[in-house]
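Engineer: The lines below spell out each chain.
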Amino acid sequence: MPDTITLQVTRYRPDADGPPTLQEYVVPLREEWAVLDGLNYIKDQLDGTLSFRWSCRMGICGSCGMTVNGDPALTCGTFLTDYAPGPVRVEPLANFPVIRDLVVEIDDFMRKLPEVKPWLVREDGEALDDVEFLQTPAEMDEYKQYSMCINCMLCYAACPVYGLEPDFLGPAAIALAQRYNLDSRDQGAHQRLDVLATAEGIWACTYVGECTTACPKGVDPAGAIQRYKLTAATRTLRSFLMPWRAR
Amino acid sequence: MADHDVVVVGGGGAGLRAAIAILQTDPRLDVAVVSKVYPMRSHTVSAEGGAAAVIAAGDTLDEHAYDTVSGSDWLSDQDAVEAFVAEAPRELLQLEHWGCPWSRMPDGEVAVRAFGGMKKMRTWFAADKTGFHLLHTLFQTSLQYEQITRYDEWYVTTLLVDENRVHGVVGIELATGRIEAITGRAVVLCTGGCGRVFPFTTNGNIKTGDGMALAYRAGAPLKDMEFVQYHPTGLPFTGILITEAARAEGGWLLNKDGYRYLQDYDLGTPSPEPVLRSMELGPRDRLSQAFVHEQEKGNTVDTPYGPVVYLDLRHLGAGVIDSKLPFVRELCLQYERIDPVHELIPVRPVQHYMMGGVHTDIDGATGLPGLYAAGEVACVSINGANRLGSNSLPELLVFGRRAGIAAAGFAATDRRGPGHAVQAQAADEHRRLERDLLARRDGRERIADVRTDMQHTMEGSAGIYRDTETLVKGADRLRELRERFGKATIEDDSRAFNTELVAALELGFMLDVAETIVACALRREESRGAHQRTDFPRRDDARLLAHSLVTRDPTGSPRVGYLPVTITRWPPGERVYGR
Amino acid sequence: MAKRSSSEAVAWLLFSAGGVVSALLAPILLLLFGVIFPLGVLAPPEHAHMEAVLRHPLTQVVLLGLCVLSLLHWAHRFRYALHEGLQLKRLRAPINLLCYGGAIAGSLWAAVVVFG
Amino acid sequence: MTANQADVRRYRPRTSVFWWVHRRSYLLFVLRELSCVFVAWFVVYLVLLVAAAHRGSDSYQQFLEWSSRPWMVVLNLVALAFVVLHAITWFTLAPKAMVVRLQGRPLPARMVAGGHFAAWAVASAVVAWIVLGGW
Ligand SMILES: Cc1cc2nc3c(=O)[nH]c(=O)nc-3n(C[C@H](O)[C@H](O)[C@H](O)COP(=O)(O)OP(=O)(O)OC[C@H]3O[C@@H](n4cnc5c(N)ncnc54)[C@H](O)[C@@H]3O)c2cc1C
Ligand code: SF4
Ligand code: F3S
Ligand code: FES
Numbered sequence: 001m002p003d004t005i006t007l008q009v010t011r012y013r014p015d016a017d018g019p020p021t022l023q024e025y026v027v028p029l030r031e032e033w034a035v036l037d038g039l040n041y042i043k044d045q046l047d048g049t050l051s052f053r054w055s056c057r058m059g060i061c062g063s064c065g066m067t068v069n070g071d072p073a074l075t076c077g078t079f080l081t082d083y084a085p086g087p088v089r090v091e092p093l094a095n096f097p098v099i100r101d102l103v104v105e106i107d108d109f110m111r112k113l114p115e116v117k118p119w120l121v122r123e124d125g126e127a128l129d130d131v132e133f134l135q136t137p138a139e140m141d142e143y144k145q146y147s148m149c150i151n152c153m154l155c156y157a158a159c160p161v162y163g164l165e166p167d168f169l170g171p172a173a174i175a176l177a178q179r180y181n182l183d184s185r186d187q188g189a190h191q192r193l194d195v196l197a198t199a200e201g202i203w204a205c206t207y208v209g210e211c212t213t214a215c216p217k218g219v220d221p222a223g224a225i226q227r228y229k230l231t232a233a234t235r236t237l238r239s240f241l242m243p244w245r246a247r
Numbered sequence: 001m002a003d004h005d006v007v008v009v010g011g012g013g014a015g016l017r018a019a020i021a022i023l024q025t026d027p028r029l030d031v032a033v034v035s036k037v038y039p040m041r042s043h044t045v046s047a048e049g050g051a052a053a054v055i056a057a058g059d060t061l062d063e064h065a066y067d068t069v070s071g072s073d074w075l076s077d078q079d080a081v082e083a084f085v086a087e088a089p090r091e092l093l094q095l096e097h098w099g100c101p102w103s104r105m106p107d108g109e110v111a112v113r114a115f116g117g118m119k120k121m122r123t124w125f126a127a128d129k130t131g132f133h134l135l136h137t138l139f140q141t142s143l144q145y146e147q148i149t150r151y152d153e154w155y156v157t158t159l160l161v162d163e164n165r166v167h168g169v170v171g172i173e174l175a176t177g178r179i180e181a182i183t184g185r186a187v188v189l190c191t192g193g194c195g196r197v198f199p200f201t202t203n204g205n206i207k208t209g210d211g212m213a214l215a216y217r218a219g220a221p222l223k224d225m226e227f228v229q230y231h232p233t234g235l236p237f238t239g240i241l242i243t244e245a246a247r248a249e250g251g252w253l254l255n256k257d258g259y260r261y262l263q264d265y266d267l268g269t270p271s272p273e274p275v276l277r278s279m280e281l282g283p284r285d286r287l288s289q290a291f292v293h294e295q296e297k298g299n300t301v302d303t304p305y306g307p308v309v310y311l312d313l314r315h316l317g318a319g320v321i322d323s324k325l326p327f328v329r330e331l332c333l334q335y336e337r338i339d340p341v342h343e344l345i346p347v348r349p350v351q352h353y354m355m356g357g358v359h360t361d362i363d364g365a366t367g368l369p370g371l372y373a374a375g376e377v378a379c380v381s382i383n384g385a386n387r388l389g390s391n392s393l394p395e396l397l398v399f400g401r402r403a404g405i406a407a408a409g410f411a412a413t414d415r416r417g418p419g420h421a422v423q424a425q426a427a428d429e430h431r432r433l434e435r436d437l438l439a440r441r442d443g444r445e446r447i448a449d450v451r452t453d454m455q456h457t458m459e460g461s462a463g464i465y466r467d468t469e470t471l472v473k474g475a476d477r478l479r480e481l482r483e484r485f486g487k488a489t490i491e492d493d494s495r496a497f498n499t500e501l502v503a504a505l506e507l508g509f510m511l512d513v514a515e516t517i518v519a520c521a522l523r524r525e526e527s528r529g530a531h532q533r534t535d536f537p538r539r540d541d542a543r544l545l546a547h548s549l550v551t552r553d554p555t556g557s558p559r560v561g562y563l564p565v566t567i568t569r570w571p572p573g574e575r576v577y578g579r
Numbered sequence: 001m002a003k004r005s006s007s008e009a010v011a012w013l014l015f016s017a018g019g020v021v022s023a024l025l026a027p028i029l030l031l032l033f034g035v036i037f038p039l040g041v042l043a044p045p046e047h048a049h050m051e052a053v054l055r056h057p058l059t060q061v062v063l064l065g066l067c068v069l070s071l072l073h074w075a076h077r078f079r080y081a082l083h084e085g086l087q088l089k090r091l092r093a094p095i096n097l098l099c100y101g102g103a104i105a106g107s108l109w110a111a112v113v114v115f116g
Numbered sequence: 001m002t003a004n005q006a007d008v009r010r011y012r013p014r015t016s017v018f019w020w021v022h023r024r025s026y027l028l029f030v031l032r033e034l035s036c037v038f039v040a041w042f043v044v045y046l047v048l049l050v051a052a053a054h055r056g057s058d059s060y061q062q063f064l065e066w067s068s069r070p071w072m073v074v075l076n077l078v079a080l081a082f083v084v085l086h087a088i089t090w091f092t093l094a095p096k097a098m099v100v101r102l103q104g105r106p107l108p109a110r111m112v113a114g115g116h117f118a119a120w121a122v123a124s125a126v127v128a129w130i131v132l133g134g135w
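Protein chains in written order, with the numbering used here: chain A, 1 to 247; chain B, 1 to 579; chain C, 1 to 116; chain D, 1 to 135.
Be aware that a few hints might be false.
Said to hold, decoys possible - Think about it this way: if two alpha-carbon atoms lie no more than 27 Å apart in a straight line, the pair counts; the simulated BS3-like pairs of lysine-lysine are:
1) A:217 - A:112
2) A:217 - D:96
3) A:144 - D:96
4) B:297 - B:256
5) A:112 - A:144
6) B:487 - B:473
7) A:112 - D:96
8) A:144 - A:217
Said to hold, decoys possible - Selected chain C positions facing chain A (Cβ under 7 Å, derived; list incomplete):
9) 8
10) 9
11) 13
12) 80
13) 84
Because the hints were derived from the structure by calculation, they are not lab data.
Yeah, the Cβ is synthetic: ideal placement off N, Cα and C, and Gly gets one too.
Using the sequences provided together with the hints, build the complete structure.
Structural biologist: This is how it looks when you write it as structure tokens:
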């Protein structure tokens, strides 16, 4: 194993002129080093002006998503040795406006998220008695997978539809809506239907499936969306056939 | 200048709970939540094991209180502990009603697990991603409140204080570099801990003690800063935490000979099944200290990243590991490339939690009118000299809520807006930051080097074991480091997302916090809980059953005093584990 | 935010139904009539046999269903391919007309032929 | 440093028209989507066949001759490849959208897909049996 590896890192400064450029840095190649450790080495030892986000370095806070050799990835969980002998290209996540270097703007997602009402809706209002809403492990399994989303945005970076159609609600937001729809304690499914079953919602997705491939937490947003298409379509059909029972 | 009724600094568990509590108290209030990262990136997200609250049949509030008090080595305030254990169950139920996916029993009721130092099974959990689910539940719930204005990725640099009252904060919008005052009738600090003061920590990059330093600089005292928790099981190199739940489910700690060494340290006798408050389920301070003794005896294994012992989960089998500890397996596979189903996990003690923090009363009020604090940044104190695992998450909720209610009350009684003096202060801060950004380009040192030296200084002088000599040396080193920091350079002059500027501001805060830790540790001439002085190995209740309170004197140096501990029902006694 | 769209739901249901029937039946039919018979691997069926099969009412219904649904399947997918693949979103209306109009015209033609 | 001083210029990368050539998985996706064109062609071909058969034995023979011209065979081979691609992707992906329950428990997607492939085999066998005169 060689003892160094080259990182080609996107640099972009909005206050200077010009589009992003790639800058090369040579960093030590160590077995336990993630790409993020390489970036921190650059920041601490070579060039303090490089900007990127990170915090937990254990794959749970969702801040360190970048494009590594063309694939969206969490840099704290992607190891340099897997790319040896290099070079490794580290770019900002695709499909998002770039603020600076490796930092992208995710305001769009933050605006869309509340629209799908990702919280527990109770029609009886909120009565906090001294007991929990019962939920069996099997009922929890219905939505558990979709509750694992860390909002890392890798799925948005992987989805070509989102790149082409910025109004698309996108994989994670829909998966999170499904997380609540499928929760036995929730009663808000019909409210979310109005947001989800739209041209910018589930119907924009053409089932590319890359969101699921990119997801580091096994959320399977593609599956969530397809499942929801079936639900929405059958509900629509039912409201045609039995308008009196429709909501 | 943006004006709100209450400004909450921090979007972690404590901050979000406080913000919601404010609106539950008075929905007409206008709340700002300012956070240097998007709320769901806050470090609460990484908590794994669980949250303690009495719910199971056969458990009582008194037992939870006693475990907490004895775990704290009697340094906690017992009125606070009583309030805490009484309100914790309701808070966790509230989370359940907001959708938190607590792990369940077959009949659908919430399940509980064992945890270190707890005499009963009372730790609620969401597999081993409790903090993640808790934080996302709170964040998503908070999205329905339109009265909350979020300042995501805004970095707070100072508190605005005039006429002995807090009026808001000054923050930098990271994306643009815009500097602006965010004012309010009350400010709630929920900025989390300061683990990054140490080199080897389970804490994320954002845990730099900002809030502690903000309060300290504004004149509010810090409390019990010498009590730094080391967690016995961190992965070498990364410091990633292997949750205590791994031991609660039955994991063993083995030294290099495969021997369950905890039996040699008055922690009980080994048995195949986990026994509450015994062996691996002893408190963290005692377990971490036992490691140091094993190391001195030559019973640890050397690795490139320091000595380790082993955590053995193999006998639990894939079934238990995958259902109860899936994240542990995921982390081990990814970061150590080992599979705990078949292999031993190398672990060593790692800095984990700050018992000390901004001094508050039972309602989160600090000494400074209008300033409240909750969460890891605060010291109420329920944790005393040693926090029990799984008490922190309920603490965020209970005291986040209490601080929110108190702040809402304060904001409602006093509706005066900020005056000229406050605006002048904001302008001063603006100028100071401009200077940092533009005029520090030709310094001689890197911020990162000063930070690294500070971290090693802290480990050397205020680690698991301390003595006068190392502490005095540490204090001297910190003074030098402060000078070097004054001359350090900020190469980056961009206004957009200038992380080097943020790193410099954070380092400034950390140096303050580090100084208070060392000063308090030096003054406390006894050993209690996580504070172990080799030169004063005994607990000294006659002199030091008291909280240290540290304030900044006019020269900028820490000055330490003491405040008596509140004892209600449990007079100081011996901490007994495994007997 | 746009409003809930039931036409999209219907289009998607038809697209899916078309996807299933075409996936079930198109490969074998194309294999037989497009490849195996033309290449002479097997002898094509006699005209009489073909007519007997094709005149059977059940066959007629299945064939028509296959044609209509498959065309709707095409229309839906092709529309998306034009919108996204070629980034022709501006031309939404004419594209929809082309696709669904084409599918309807094709369906009529198929109906006339199959039952003719 | 006020809001107007701080430049907030974002770099907005454009998605190129040829975004789908850059990744194997995208290319596969585009091919999958294009399969619909051949599904449409299949319908046209089928209707022509039926029309020819209905017009009588002669025109049926003419159709058969037309269909064995080399370019027709090539076209149909390509079309066959695409409809097979369509069938495979459809039967692997579609089951992910539905949750099939057996005695209250969701079946794994792989088994649902297996069911679809079995149905495909049966349908093909039935068609072949009918066409080849078993009926
Ligand atoms: C790995 C790990 C596992 C843990 N496991 C458990 C467990 O199982 N059970 C348990 O009870 N406890 C556990 N803990 C402890 C517990 O998670 C923490 O004490 C707790 O989450 C702290 O929450 P907080 O809300 O106080 O702060 P945080 O969640 O850290 O949030 C701090 C917030 O303040 C903001 N902030 C900070 N500084 C500034 C600034 N200058 N300007 C603007 N915003 C700022 C940040 O952006 C962030 O939003 C664990 C801790 C760790 C590290
Ligand atoms: S669905 Fe997966 S990839 Fe998308 S944001 Fe959530 S965790 Fe990230
Ligand atoms: S990649 Fe995009 S198109 Fe749908 S299946 Fe995933 S959201
Ligand atoms: S740093 Fe938190 S996910 Fe990578």
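Engineer: When the nearest CB of chain A is found for residue 84 of chain C, is that gap smaller than 7 Å?
Structural biologist: holds, 5 Å
Engineer: For the pair we were handed, residue 144 of chain A and residue 217 of chain A, check the Cα-Cα distance against 27 Å.
Structural biologist: holds, 12 Å
Engineer: Would you check whether residue 13 of chain C satisfies its interface hint, that is, whether its CB is within less than 7 Å of any CB in chain A?
Structural biologist: holds, 5 Å
Engineer: Just to be careful: measuring from the Cβ of residue 9 of chain C to every Cβ in chain A, is the smallest value less than 7 Å?
Structural biologist: holds, 4 Å
Engineer: Hey, residue 217 of chain A versus residue 112 of chain A, does the alpha-carbon distance stay inside 27 Å?
Structural biologist: holds, 21 Å
Engineer: Measure nothing beyond the straight line between the CA atoms of residue 297 of chain B and residue 256 of chain B; if it is 27 Å or shorter, mark the hint as holding.
Structural biologist: Holds, because 11 Å separates the two Cα atoms, which is no more than 27 Å.
Engineer: Tell me if the straight-line CA distance from residue 217 of chain A to residue 96 of chain D falls inside 27 Å.
Structural biologist: holds, 18 Å
Engineer: Would you check the hint for residue 112 of chain A and residue 96 of chain D, treating anything up to 27 Å between C-alpha atoms as holding?
Structural biologist: The hint holds at about 25 Å.
Engineer: Measure nothing beyond the straight line between the CA atoms of residue 112 of chain A and residue 144 of chain A; if it is 27 Å or shorter, mark the hint as holding.
Structural biologist: OK: residue 112 of chain A and residue 144 of chain A at ~22 Å, within 27 Å.
Engineer: Quick check on residue 80 of chain C please, does its C-beta sit within 7 Å of some C-beta on chain A?
Structural biologist: Holds, because the Cβ-Cβ distance from residue 80 of chain C to chain A comes to roughly 5 Å (cut-off 7 Å).
Engineer: Answer holds if the nearest beta-carbon of chain A is closer than 7 Å to that of residue 8 of chain C; otherwise answer violated.
Structural biologist: Since chain A brings a Cβ to about 4 Å from residue 8 of chain C, closer than 7 Å, the hint holds.
Engineer: Please verify whether residue 487 of chain B and residue 473 of chain B have alpha carbons no more than 27 Å apart.
Structural biologist: holds, 22 Å
The structure shown violates none of the earlier numbered hints.
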